[in-house]
Amino acid sequence: MAFVSLDEDGERDFVFSRGADRELVYDSSLKTYFEHNIVHFGAATALLGGTLEEAYSRYLFDGLTKNAFISF
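To convert, take the position in the sequence shown, counting from 1, and add 165; that gives the numbering used here.
These are calculated hints, taken from the structure and not from any lab test. Certain hints may be false.
What the hints assert, rightly or not - Below, computed lysine to any residue pairings styled on SDA-like, alpha-carbon distance capped at 25 Å: (1) Lys196 <-> Thr216; (2) Lys196 <-> Phe234; (3) Lys231 <-> Gly207; (4) Lys231 <-> Thr197; (5) Lys231 <-> Glu219; (6) Lys231 <-> Asp192.
Input sequences plus hints: build the corresponding full structure.
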């Protein structure tokens, strides 16, 4: 969940409440499902580091090498 607010100058401020996404780890066995399918990435917190960012990077690579349609 992301909370967004605007300061007096109109600048955005983001605060993320992280949950289960923090626990996602890469599972190489999933890449067998990617061939010619759609792989969708949708967590706003995906690029905040940790195991989620690593898993996203690896799943993206797997999707690309399996000719998947990649969606963000």
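Numbers of unmet hints, in rising order:
none
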